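Read off the chains here:
There are 2 protein chains.
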Amino acid sequence: MRRLQDHLHDCSINTATLGFQAPIAEVIDAVARAGFGRIAPWRREVEGGDVNAVAKHIRDAGLSLSGYCRSTYIPANSEAEFRANVEANKRALEDAAVLGAPCFVMVVGGLPSGSKDLNAAREQVKEATAELAAFSKPLGVKIALEPLHPVYAAERSCLTLLSEALDWCDEIEGAVAEPQVGVAIDCYHVWWDPNLGVEIARAGKAQRILAFHVCDWLVPTEDVLNDRGMMGDGVIDVRAIRAAVEDEGYRGAVEVEIFSARNWWKRQMDETLKVCRERFVTAT
Amino acid sequence: MRRLQDHLHDCSINTATLGFQAPIAEVIDAVARAGFGRIAPWRREVEGGDVNAVAKHIRDAGLSLSGYCRSTYIPANSEAEFRANVEANKRALEDAAVLGAPCFVMVVGGLPSGSKDLNAAREQVKEATAELAAFSKPLGVKIALEPLHPVYAAERSCLTLLSEALDWCDEIEGAVAEPQVGVAIDCYHVWWDPNLGVEIARAGKAQRILAFHVCDWLVPTEDVLNDRGMMGDGVIDVRAIRAAVEDEGYRGAVEVEIFSARNWWKRQMDETLKVCRERFVTAT
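Going down the list, the sequences are from chains A and B.
The first sequence begins at 1 in the numbering used here and counts up by one.
The second sequence begins at 1 in the numbering used here and counts up by one.
Treat the hints as calculated values from the structure; they're not laboratory data.
Owing to the predicted nature of the structure, the values given are computational and were not obtained by experimental measurement.
Each residue gets a CB set at the ideal place from its N, CA and C atoms; glycine is no exception.
Keep in mind that the hints are not guaranteed to be accurate.
A few chain B residues that face chain A, going by a derived Cβ cut-off under 7 Å, partial list only [as the list claims (entries may be wrong)]:
# : residue
1 : P112
2 : K116
3 : P150
4 : T160
5 : V198
6 : V219
7 : F259
Sequences are here, hints too, so could you generate the full structure?
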């Protein structure tokens with residue numbers, strides 16, 4: 001298991017952690033100044049601007065991406081809407097390639113409006129993911145399916161279990177030496193899963209762990225969307241999960257992603273980054 | 001699949017649905033007056049009172065129990081606390097027998113204060129469940145393990161997946177013709193699970209479905225604890241889940257359990273019961 005104090009170049013800041021308070025250029029500079037080597041920007045910070053300039057700014061700051069966030073939701077009530085969602089993701093994948101993202105994080109979407117059919121939503125996501133994997137391979141960007149906590153099944157992700165994400169990977173491309181489709185494992189979403197250890201081992205052996213995200217589950221949680229905690233402030237044994245992931249050979253980035261409307265988003269970026277750095281060492 | 005309009009005697013009101021507005025005697029009368037045949041009372045309505053009198057009132061009203069709610073949480077930081085939790089459940093099981101409950105619903109508890117060790121909590125629950133199953137068998141009350149939605153893993157239930165509940169049943173008593181330990185399947189907790197169909201079939205074939213609870217998942221959900229919906233008001237395909245359960249031979253009660261601080265708990269009992277009756281027919 002890596003000592004993260006010796007691996008700050010592998011530690012990544014997902015920019016959502018900083019609450020989107022400042023333009024991406026300032027965020028990049030703050031992350032680099034704090035000593036980290038990786039960053040995960042969001043499309044809202046990039047799209048509509050000069051993607052090449054953002055890419056250059058990131059490189060010039062000495063940073064590289066750990067991933068690019070995130071997909072347009074896939075499930076739709078019509079073929080036209082479904083196609084539009086897939087195409088929006090293709091445009092984002094082109095940007096991901098310009099930015100040098102190793103993977104594109106797919107939060108797949110929940111039930112389309114009015115639907116109660118989770119299985120139909122899942123079938124749409126699998127179909128779209130297969131198409132996006134084929135599209136993104138020549139771009140050098142992998143597809144990271146992120147199973148979300150089941151509390152988001154209705155509105156954000158019909159994909160909830162790590163086991164299911166891995167089943168989809170197998171279904172989409174079979175067992176291959178260098179997978180194009182893999183998973184983003186986020187502690188917040190999977191910490192409760194009794195099969196977590198087994199599925200991390202499965203993902204690792206199949207070379208499918210493309211991203212590893214950390215934060216904490218607060219007790220009590222006031223809002224399941226935007227009340228996530230800094231590592232060490234909650235009940236997730238983040239270090240044990242990181243150990244399991246690294247035992248399987250994962251040496252990619254450790255990315256902190258915290259949605260925290262009532263706490264961290266209200267603080268100065270530099271302060272949050274300082275605490276992230278401490279907690280990478282003491283509680284991750 | 002049963003037509004519930006012809007099976008109101010199999011339809012049960014979990015008294016939490018009515019918000020504990022009135023003494024249990026009035027609740028029993030209201031449930032019977034509304035035409036239902038089953039009721040699931042809570043310990044808070046029974047303990048400290050005359051249990052025999054409550055049992056007689058239920059019988060005299062023409063009702064029987066679908067279950068008795070619910071266990072004292074098991075996981076503890078000390079052996080003494082663990083023992084106290086087990087003993088509290090034994091007293092509740094004795095009351096369950098007096099009340100004629102077919103099963104005692106176990107909401108098993110989450111992490112003890114200060115702990116991050118879900119697996120240790122799970123081991124405590126398995127140990128306690130085995131002891132409670134042995135204790136309750138001569139009483140004629142079965143143990144219904146209720147996997148809760150993973151959003152409650154920290155504070156209410158380290159048991160989240162139906163598959164895990166069934167694994168525990170097998171571990172505790174093996175495959176037996178008439179199990180003493182089974183599961184309570186609540187749509188709210190399991191609707192999102194991609195393995196739901198497979199696990200319902202497994203539970204049914206093993207004769208382990210001891211209770212079936214219905215309500216709905218609202219979009220948006222304002223509070224994951226107390227903002228549950230009436231069947232038909234949310235995104236759960238309740239009828240499909242009931243069909244799966246009944247396809248496996250389940251002919252027990254269909255119990256409505258709705259925690260709804262902002263809506264149903266503010267209404268008169270008779271009104272809520274009237275809507276329950278309608279929705280049993282139209283949306284369950």
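Checked hints:
Proximity of P112(B) to chain A is violated relative to the hint, the smallest CB-CB distance being about 10 Å (cut-off 7 Å). Of the supplied interface hints, the one on K116(B) holds, with its beta-carbon coming within about 4 Å of a beta-carbon of chain A, less than 7 Å. The interface hint given for P150(B) holds, since its Cβ lies 5 Å from the closest Cβ of chain A, which is under the 7 Å cut-off. Among the interface hints, the one on T160(B) holds; its C-beta lies about 6 Å from the nearest C-beta in chain A, closer than the 7 Å criterion.
Look at V198(B): its Cβ only gets to about 12 Å from chain A, farther than 7 Å, so that hint breaks. Hint status for V219(B) relative to chain A: holds, with the closest Cβ pair at about 5 Å, below 7 Å. A least Cβ separation of about 15 Å between F259(B) and chain A goes past the 7 Å threshold, and the interface hint is therefore violated.
Violated hints, listed in ascending order, are 1, 5 and 7; each of the other numbered hints is respected by the structure.
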